[in-house]
Amino acid sequence: MDEGQLKNLITVVERLENGFATKFANWKGLGLPSAAHYFQQSYAETISILHSITGESQKDVAPQLKLDLKALFKRTVALLPMSVGYARSVGVRLRPVHKDLLSNVQHLCERPDIRGTNGLAIHVIQMYKQLDDIWPPAREAWEKGGTDLKPDTEFDLAYEQFCGLDNQRRRMQGDYERYARNSWRLLLKACQALHLPEGRVHPGDDFFNNDTRPTYVEYACDSEEFVYGKGKRPGILGIKAILGATLTADQQKRLKNAANASTNAKSSPQTSSEVSTGLEYSMTRINAIADLQDVLRDSEALGSRDQHIMRPDEKELVTPTWENRKETLMMYKNELKALVDEIYKDELKMPFGETMLPTTPNERGDWLRLAEEKIKQARVIIDRTMRFDSSAWKAKKLRLTAYSLKLTRAIYMVRLFSGTPAASRQEIKDALIERLNDWILYEQAWNAADVHIKLHVAVDQETKDKLQRDIEGREANIARLTDMRDYVTGDDSGISLGYDNSNNPLNVQHKSKESDTILTDDTIRTAKILLNNILNPSLPNASDYLLDVREERRRRGWYQKMAQARLTGGPTPEWTHKKVIDPFTAGGPPEWESLPRQSRWERLQYMWVMTYWRFYQLRELQL
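Here full-length UniProt numbering is used: the first residue of the sequence shown is 1, the next is one more, and so on.
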């Protein structure tokens, strides 16, 4: 780049700055349909210039020119918060260009330097949040009358690519996982092209659960259950309604009737007991797991698209704490992950398998005492820190210690509800009360930190307003939790205890009398891990072959044992791992070939059903 090219870039940035300063009032003079279109063009150009500056900075240029490019980069980045401010001020008036703006932010996310330190990560979070707030109603993706989706060439291309997936070679587990991952990628691409809310596409954490698993992954495609669902298990027509389609009165009635039907998963072999009384405070293992998922979410939902990661279902999350701001969690990314590794993985040994479940009261007691010790340590640190004058360092310490307290308590509750025999009523009651105490202390610690930031740190008025809303929300939560704790303490009539042993793994999968598949908890855990690998892929260790990481690792281990046996004269090691059979040989759910594929909705329905069925087949694979 020479001086002339730099001046041209500066001229463009000055023009963009003028557009923001005038709030894009000159849209008519530029022949554009509205100020929203002018803003979208300017926003796209801002991102393009950032890419250009970064590309030129990485070249071998003169030192002074590099400094000038750095200054221009900062000047251009300053337009990003202005973009968020404008988007916030005009709101739904940006809907005509919503899809283009979404594409622009995705283009920005392709940069390798999305970090909080340069302002890009925070902007992406804020801009996605604004676009999520003004997302056009799903019904706008449909033609008038709601019978079919609006035409789109990108969708047509995604559908053609999806149909071509069956031409891919599938021989090893890596191929099977790649097949499911490519299906998911193309389904997302299709929904993006149709401008359907992506948050409604995600299978969710309870996808494999017996009483919430979609019926269209295992029922015949010409059955009532496939179309309308069964109990809490959604059918494909329910998905169509969620995506914005208009249903007839008869369809709505049949959906309602199907929702009232009982599911066989609920009648699966289990031993459960629940004592229910006046106050609505009860927990089962499902609720305890939701607690744990909610805590881990703070350490995991830190990517540029974290606004799409939802909290666990409100029906499963009992007495939730106030949701923390993602901008705050972003600053503690490394510390939160370190706490998860230390507490969740190393000290308390989670996640756990069948062999790690406590089998006697003594084993359960030993493990719970270990967790109780960590809880006591966290309580002491929080109490001690809150007694002294606040500082930025103490605010950070309060937040992180409170996080470790909540994480440990959540793990404690999961373990309390796990294993056999079941914990006693008194054990569960005491734990539920202590859980309220820890939730109260957690909220108090975060509030103390936010009060310090609000009073002693230079932040803009908008951030102060957010902090105040958080403080008030936590105070209301503290009052509610305190009232509940005071009411239930020492009073059996004020607490509802729920506990079950239905989580204990069974030796085989059971078929009910109506042929619903009942997956064991062990199968569900394994399948969820494999599904997470599909939805959130990561690069394998460089020491393993990339074609099928697990298979190559097992093979390498066997050959090492074989070499050792030959050197020492020992017996030949036995190859115990059975070959994985292609789980997709059936092609799809029963009668999948009868699925119509003429209209755009029918094609999206086909992609949806086949992708989710492929997710369901992951249960046949091994870790």
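Keep in mind that the hints were calculated from the coordinates and are not lab data.
Check before you lean on any hint, since a few could be wrong.
[Unchecked claim] Calculated pairs, DSSO-like style, for lysine-lysine (alpha carbon to alpha carbon, straight line, at most 27 Å):
| no. | residue 1 | residue 2 |
| --- | --- | --- |
| 1 | 74 | 394 |
| 2 | 345 | 232 |
| 3 | 253 | 240 |
| 4 | 70 | 28 |
| 5 | 74 | 326 |
| 6 | 28 | 144 |
| 7 | 99 | 7 |
| 8 | 333 | 256 |
| 9 | 376 | 333 |
| 10 | 150 | 74 |
| 11 | 240 | 144 |
| 12 | 256 | 144 |
| 13 | 345 | 374 |
| 14 | 150 | 326 |
| 15 | 232 | 7 |
| 16 | 528 | 345 |
| 17 | 256 | 240 |
| 18 | 129 | 253 |
| 19 | 129 | 99 |
| 20 | 326 | 240 |
| 21 | 337 | 253 |
| 22 | 326 | 232 |
| 23 | 23 | 59 |
| 24 | 429 | 394 |
| 25 | 23 | 144 |
| 26 | 150 | 337 |
| 27 | 396 | 326 |
| 28 | 333 | 345 |
| 29 | 256 | 129 |
| 30 | 374 | 394 |
| 31 | 397 | 337 |
| 32 | 59 | 74 |
| 33 | 333 | 28 |
| 34 | 23 | 466 |
| 35 | 66 | 129 |
[Said to hold, decoys possible] Computed spacing ranges between beta-carbons, pair by pair:
| no. | residue 1 | residue 2 | range |
| --- | --- | --- | --- |
| 36 | 51 | 168 | 47 to 53 Å |
| 37 | 522 | 325 | 21 to 27 Å |
| 38 | 77 | 25 | 51 to 57 Å |
| 39 | 84 | 143 | 48 to 54 Å |
Note that the structure is predicted; figures quoted are calculated from it, not measured.
The C-beta atom is built at its ideal place from N, Cα and C for all residues, glycine as well.
Structure-based check of all given hints:
1. 74 with 394: violated, 31 Å
2. 345 with 232: This hinted pair is violated, its Cα atoms lying about 33 Å apart.
3. 253 with 240: Measuring from Cα to Cα gives roughly 15 Å; hence the hint holds.
4. 70 with 28: With Cα atoms ~34 Å apart, residue 70 and residue 28 exceed 27 Å; violated.
5. 74 with 326: Judged against 27 Å, a Cα distance of about 23 Å means the pair holds.
6. 28 with 144: violated, 30 Å
7. 99 with 7: With a Cα-Cα distance of about 32 Å, the restraint between residue 99 and residue 7 is violated, given a limit of 27 Å.
8. 333 with 256: Status violated; Cα separation ~44 Å.
9. 376 with 333: holds, 25 Å
10. 150 with 74: Judged against 27 Å, a Cα distance of about 41 Å means the pair is violated.
11. 240 with 144: holds, 15 Å
12. 256 with 144: holds, 25 Å
13. 345 with 374: holds, 14 Å
14. 150 with 326: violated, 35 Å
15. 232 with 7: The given pair, whose Cα atoms are some 62 Å apart, is violated under the 27 Å limit.
16. 528 with 345: holds, 18 Å
17. 256 with 240: Distance ~15 Å between residue 256 and residue 240 Cα, so the pair holds.
18. 129 with 253: Not OK: residue 129 and residue 253 at ~35 Å, beyond 27 Å, violated.
19. 129 with 99: holds, 14 Å
20. 326 with 240: violated, 31 Å
21. 337 with 253: The given pair, whose Cα atoms are some 47 Å apart, is violated under the 27 Å limit.
22. 326 with 232: Violated, at about 31 Å.
23. 23 with 59: violated, 35 Å
24. 429 with 394: Violated: residue 429 and residue 394 sit about 33 Å apart, past 27 Å.
25. 23 with 144: violated, 34 Å
26. 150 with 337: Violated. Residue 150 to residue 337 sits at ~43 Å, over the 27 Å cutoff.
27. 396 with 326: holds, 15 Å
28. 333 with 345: holds, 17 Å
29. 256 with 129: Judged against 27 Å, a Cα distance of about 33 Å means the pair is violated.
30. 374 with 394: Measuring from Cα to Cα gives roughly 20 Å; hence the hint holds.
31. 397 with 337: Holds: residue 397 and residue 337 sit about 15 Å apart, inside 27 Å.
32. 59 with 74: holds, 18 Å
33. 333 with 28: Status violated; Cα separation ~45 Å.
34. 23 with 466: holds, 25 Å
35. 66 with 129: violated, 34 Å
36. 51 with 168: 47 to 53 Å: violated, 33 Å
37. 522 with 325: 21 to 27 Å: violated, 37 Å
38. 77 with 25: 51 to 57 Å: violated, 24 Å
39. 84 with 143: 48 to 54 Å: The hint (48 to 54 Å, Cβ to Cβ) is violated, given that residue 84 and residue 143 are roughly 33 Å apart.
Consistency with the previously given hints fails for numbers 1, 2, 4, 6, 7, 8, 10, 14, 15, 18, 20, 21, 22, 23, 24, 25, 26, 29, 33, 35, 36, 37, 38, 39, ordered from lowest to highest.
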